[in-house]
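2 protein chains.
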Amino acid sequence: MPQITPKILAFDVFGTVVDWHGSIAAEMRLLYPQVDGDAFALAWREGYQPAMQRVRSGELGWTKIDDLHRLILDRILPRFGLGDLPENERRALNRVWHRLNPWPDVVEGLSRLKRRHIITTLSNGNIGLLTDMAKHGELPWDCVLSAEVFRAYKPDPQVYLGVAEVFDVAPAEVMMVAAHHEDLAAARDCGLLTAYIERPLEFGAARPKDVSPVAENTLHARDFNDLAGQLGTNAAPIGDSDD
Amino acid sequence: MPQITPKILAFDVFGTVVDWHGSIAAEMRLLYPQVDGDAFALAWREGYQPAMQRVRSGELGWTKIDDLHRLILDRILPRFGLGDLPENERRALNRVWHRLNPWPDVVEGLSRLKRRHIITTLSNGNIGLLTDMAKHGELPWDCVLSAEVFRAYKPDPQVYLGVAEVFDVAPAEVMMVAAHHEDLAAARDCGLLTAYIERPLEFGAARPKDVSPVAENTLHARDFNDLAGQLGTNAAPIGDSDD
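Same order as they appear, the protein sequences are chains C and G. Using the numbering used here, you'd call the opening residue of the first sequence number 1 and step up by one each time. Using the numbering used here, you'd call the opening residue of the second sequence number 1 and step up by one each time.
Just chain C, with the same shape it has in the complex (with noise of 0.2 Å):
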C-alpha cells in the first residue's frame, strides 16, 4: 500500500465533529420539556437536504444554512406543539445549531491531527455557524471553509475541488473525512483521499447506524484518534518524498 500523505484534512461536521441530534435534544428537554426532543432533533434535520436542494436546483436562490434550519423550523413547530413560539424565541432556537457539542474524542483527535496537517471544516453550515460552534467546543480548526465560500451545497464537485484550489494542492493530496458515504463517494469521484469515520450514534442510541466499512474509501477510522493513529503510522512527515 502507498504511503498516504494528505497534506490537507477537509472535515464535514454536523454528524461527523459534532452530535447534532443528541445536543437538539438535550437543549429541548431543558427548555421544552413537554415535546419528544428526540423527534423533534429528527424531524429538523429531516427537511436539511430537500432545503439545500431547493438552492441546489436553483428555485431558492443562494441561502445560508442559518436561514434554511429557520425555514424547517417554522414549518414543523406547529407538529410539536410549538407552532405560537414568539419570534425571540425561534432566533435563539434556530442558533442552537451554532453551540451543537462536539463527540468526546474530537478535541483530542483533532489536536493530535493538527500537528502533521492542515485541518479545515468542509461543512455545508455557515462561516458565522462554524466560527461560533469551533469557539463554543474549542475545535482547533486551521482554516473555516463552508459552503458559503464556495456558493455551492455539498455533493457539488466545486466545494470538493475548491478546497485544493484554496490550497494550491492536487485533489489527492486532500482527504475528505466523514460520518456519511454519500459525501465520500462525491469527494472521490473529484479525485480527494476519503476517511470514513463510524458515528453509530449519529441519529441517537435508539437508532443505531450501519458503520460497516465501504472499501472504495482510502481509510476507515473508529473516531478521530483511531484516524490520527492511522495516519500518524502510514504517513511520511509532510513535505518528505512519498515513494
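To be clear, the hints were calculated from the coordinates, so they are not data collected in a lab. Treat the hints with caution; some may be incorrect.
[Said to hold, decoys possible] When the alpha-carbon atoms are kept at most 20 Å apart in a straight line, the in silico SDA-like pairs for lysine to any residue are as follows: (1) LYS135(G) x ALA164(C); (2) LYS135(C) x GLU108(G); (3) LYS135(C) x GLY61(G).
[Claimed, not checked] A short list of chain G residues far from chain C (calculated; beta carbon distances all over 12 Å): (4) GLU27; (5) ARG54; (6) ILE76; (7) GLU87; (8) ASN88; (9) ASN101; (10) LEU130; (11) PRO140; (12) PRO171; (13) ASP210.
[To be verified] Footprint (simulated), chain G over chain C, 3 or more residues, beta carbon under 8 Å: (14) 20-29; (15) 139-153.
Ideal Cβ positions, reconstructed from N, Cα and C, are used throughout, including at glycine.
Since chain C is already given, all that's left is putting chain G on it; use the hints.
Then chain G, alone, in the frame of chain C:
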C-alpha cells in the same frame, strides 16, 4: 463615552499582525546575501497596491495575492541581479509571504482578545496564505476571512460589510484593527468601529513610520496587548446590555 462592545474583531494582516519587511529581508539575507534584502522587501511590497488595482479596475480577472506576488516578483528579480532565478526557487521564494513572522506582542494579545471576542483575519491575502501563516506563527484565529471569500479587495465596501453579513451582526458590532489609516477610514465609512495599531517599524528600522493618532478612530493602541487592555477595561462582557 459609550462602552465599546464589538462582537467581532477583524484584523488586517500584512504589517498589522506580521512583520513583512523584517521577515522578507531576513530570508533574503539568508538565501541571497548578495542582494539588499531591505530594498528587495520594499520593492516587492511597492508592487502590491498597483497589482490589486489591476484587479479592482477589471484589467485582470479575480487573481489571488499569491499570483499577484508572483507577477511582481518576476518583474523585480532582474533589478536585483536575480533575473535568471530558476522556476523552483521563484516558487519557493514567493511563498515567503506564507511564513512571515508575527510582531512580538501578537500571539499573547490575540489569545487575550480571543477570550471575549471572535477574532478573524480580514486581509487581502488569500485563504491558503493566511492559513499557512497562522500555522507558522501559531496565530489562534477563530476564523480566516479573506478578500478571496468576497472576491473583492479592500478597500472595497463589500469586504467590510461582508464580515458583518457572515456573522449576522450590525456593522457597528465589528471592529476593524489595522496599522493603516486608509483601511480604517474605509471600514468606518461602512459603519465599522476602528482600532489603529502602531507599527512604527513596518517599513524597517531605517524608515520609522508616523504613527500619530487620527481622531476619527474608535481606539488607538500601541500593540495588541494594549488593545486587549483597552477593550477589557471599557467593554462589557458580550451579551450584556450596552446602555
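Okay, the hints, checked on the actual structure:
{"no.": "1", "hint": "LYS135(G) x ALA164(C)", "verdict": "18 Å, holds"}
{"no.": "2", "hint": "LYS135(C) x GLU108(G)", "verdict": "18 Å, holds"}
{"no.": "3", "hint": "LYS135(C) x GLY61(G)", "verdict": "36 Å, violated"}
{"no.": "4", "hint": "GLU27", "verdict": "18 Å, holds"}
{"no.": "5", "hint": "ARG54", "verdict": "21 Å, holds"}
{"no.": "6", "hint": "ILE76", "verdict": "22 Å, holds"}
{"no.": "7", "hint": "GLU87", "verdict": "15 Å, holds"}
{"no.": "8", "hint": "ASN88", "verdict": "14 Å, holds"}
{"no.": "9", "hint": "ASN101", "verdict": "18 Å, holds"}
{"no.": "10", "hint": "LEU130", "verdict": "8 Å, violated"}
{"no.": "11", "hint": "PRO140", "verdict": "9 Å, violated"}
{"no.": "12", "hint": "PRO171", "verdict": "15 Å, holds"}
{"no.": "13", "hint": "ASP210", "verdict": "35 Å, holds"}
{"no.": "14", "hint": "20-29", "verdict": "violated (count 0)"}
{"no.": "15", "hint": "139-153", "verdict": "holds (count 6)"}
Of the numbered hints stated above, those contradicted by the structure are hints 3, 10, 11 and 14, listed in ascending order.
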